[in-house]
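Undergrad: As a plain string of letters, each chain reads:
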Amino acid sequence: MPNKNTIVDVPTVNKIARLSRLDISEGNKESLTNDLNNILGFVAQLDEVDTSNVEPLASVTGHKLPLRNDDVNDGNIEHLVLKNAPESSSGFFVVPKVIE
Amino acid sequence: MNDTSTLKPGHIQGETGIWEMVIGLEIHAQISSKSKLFSGASASFGSEANRNVSLVDAAMPGMLPVINEFCVEQAVKTGLALNAKINNVSVFDRKNYFYADLPQGYQISQFTKPIVGEGEIIVDLDDGEQTTIGIERLHLEQDAGKSLHDQHPTKSYIDLNRTGVALMEIVSKPDIRSPQEAGAYVKKIRSILRYIGACDGNMEEGSLRADCNVSVRKSGEEFGTRCEIKNLNSIRFIIQAIQSEAERQVDILEEGGTIDQETRLFDTSTGETRSMRSKEDAHDYRYFPDPDLLPLEFTESWVQDIKEKLPELPDSLKKRLVKDFGITAYDASILVEEKDYVDFYQQAANGRDGKLTANWMITELFGALKKDNLSFSESPITSENLGELISLISNGTISGKIAKEVFSEMMKSKKSPSEIVKEKGLEQVSDDSEILKLIDQVISDNQDKVNEYLSGKDKLFGFFVGQVMKLSQGKANPGIVNKLLKEKLK
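Which chain is which? The protein sequence lines are V and C, in order.
The numbering used here runs 989 ahead of the 1-based position in the first sequence.
The numbering used here runs 138 ahead of the 1-based position in the second sequence.
The following block holds chain V by itself, in its conformation from the complex:
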């Protein structure tokens, strides 16, 4: 489907990819940009509805945000927390150096 509206361009896709830490090959960028424009163009149809006087809908269930008491009833599971870590040492996750 051809793009009627260009909502995002290649530099924007590059930026989103970098913010999301995604490595996208040069050859894929053009088609991804097209795909995104198609998706966004489809969703943009919603803009045709006037919602200026409508409050954002947080939930269709009518539930309220549940609250819990301030009790300590979790934790002490270092072994589970670290189980999937590629590397750990004396209870710490160990990752490539991230200092700037």
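Simulated from the structure, these hints should not be mistaken for laboratory data.
Don't take each hint at face value.
With a straight-line Cα cutoff of 25 Å, these simulated SDA-like cross-link-like pairs (lysine to any residue) come out [as the list claims (entries may be wrong)]:
1) C:LYS223 <-> C:THR437
2) V:LYS1086 <-> C:GLY243
3) C:LYS368 <-> C:ILE246
4) C:LYS539 <-> C:GLY612
5) C:LYS575 <-> C:ILE500
6) C:LYS621 <-> C:ASP578
7) C:LYS539 <-> C:GLU557
8) C:LYS284 <-> V:SER1079
9) V:LYS1086 <-> C:GLN245
10) C:LYS146 <-> C:ILE156
11) C:LYS233 <-> V:SER1048
12) C:LYS251 <-> V:VAL1084
13) C:LYS613 <-> C:GLU547
14) V:LYS1086 <-> C:LYS146
15) V:LYS1053 <-> C:ASP578
16) C:LYS368 <-> V:LEU1008
17) C:LYS233 <-> V:GLU1037
With the Cβ distance kept under 10 Å, some of the chain V side facing chain C (calculated, not the full set) [to be verified]:
18) LYS1018
19) ASP1060
20) GLY1080
Backbone N, C-alpha and C define an ideal beta-carbon position, used for all residues, glycine too.
The hints should help you fit chain C onto chain V, whose structure is shown.
TA: Here is chain C on its own, set in the frame of chain V:
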């Protein structure tokens, strides 16, 4: 360079004229809850690495955050204490960024609809002046984990114990005009938080830290471009960092440069700020409402219940101390700085001479603690014992001079003052006949001086008082000595 001695705090004398600082603060205060904001793991400090981590904090798939009611209550309490608007409906948003100590890949925070809106507080400055600083907002958010970069040459070590601990971010309006005002503002916020028990205010452990937004302008001009100095954890550093950052900006502007809006770090070893993030990495947080959390709603009556339970706050307490105990506004402002001080003072001064108690507490006790390098909670002298000392002075049992001796003994031995007075036989002698005996002896020992005095050398009177006091080892009541000597030497 022009003479800078007459510059007001917050003003910088440049080549092109006087520059003014514009400062806004973001204070991060850790809520004094037992468990985390959205999980039941412990929020305590100093545990083994990753011990206080639940699967929610570790961001395992399928985990759902459930909010801690106590934390919500502390945010509302703080909002009320900051005279701020409470928003009965607020929304949690995801603030997206990548860092190794943020397993979710986003921080749950509040962006467009915070729990607390605009407010204001009165800040006491060192010169006794007061100024009002506006509060822009207060919101709830999660703390991040901790990265250790010095354990290994090529690796970072990550501890998620702090991940998800509840923070309140208190954002001021850009109303602050000098580093000193910024320091006083943080002091006041810390004091309020401690009074209401929402945060322990411990800056060394990081329970309270501040980001400072600093820009400079010529008086009356528009705000300049600001820089943000991150994560300052002492009032002294806040003052130093703001001063040095403002001077840096003035230097750049006067050389014809422009200020880049950026995040900077304060290097405590050099006393200067340096750039923290390169521009290309400028953050784009892509906030959006957290689909895991419904809006946070509470009723007005719940807010009213909290309001009724609020303790007396420093400003009103200060007024009451001046009124009830007759002390100066300055002394009162020192005493209300910490809740512990004011509790101690009220116990010690209860039913006693308020001014005398304030003097002894502020001058003698604070001075002695400082000299011995003790914190207030480590004071060897209790409020009961200080109060008792005040009573002993007021009812004439001991003189002010002897009281100082008793006081230093109290600092050493922790004994009660009446015990010390008894053991050392320090009671003031107020009995006329005892004092008359001393006077008689002084007169017979110094007959020549008595003759000089009687022939008109009035100044010698002080000498006789001194001799009697000396003979009594300082214990004679000076008022009675004076009175009896006058009669005797007519």
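Undergrad: Does each hint hold? Answer for all of them.
TA: Hints versus structure:
no., hint, in the structure
1, C:LYS223 <-> C:THR437, "14 Å, holds"
2, V:LYS1086 <-> C:GLY243, "18 Å, holds"
3, C:LYS368 <-> C:ILE246, "19 Å, holds"
4, C:LYS539 <-> C:GLY612, "8 Å, holds"
5, C:LYS575 <-> C:ILE500, "39 Å, violated"
6, C:LYS621 <-> C:ASP578, "14 Å, holds"
7, C:LYS539 <-> C:GLU557, "17 Å, holds"
8, C:LYS284 <-> V:SER1079, "15 Å, holds"
9, V:LYS1086 <-> C:GLN245, "21 Å, holds"
10, C:LYS146 <-> C:ILE156, "10 Å, holds"
11, C:LYS233 <-> V:SER1048, "21 Å, holds"
12, C:LYS251 <-> V:VAL1084, "35 Å, violated"
13, C:LYS613 <-> C:GLU547, "17 Å, holds"
14, V:LYS1086 <-> C:LYS146, "45 Å, violated"
15, V:LYS1053 <-> C:ASP578, "90 Å, violated"
16, C:LYS368 <-> V:LEU1008, "22 Å, holds"
17, C:LYS233 <-> V:GLU1037, "29 Å, violated"
18, LYS1018, "19 Å, violated"
19, ASP1060, "6 Å, holds"
20, GLY1080, "4 Å, holds"
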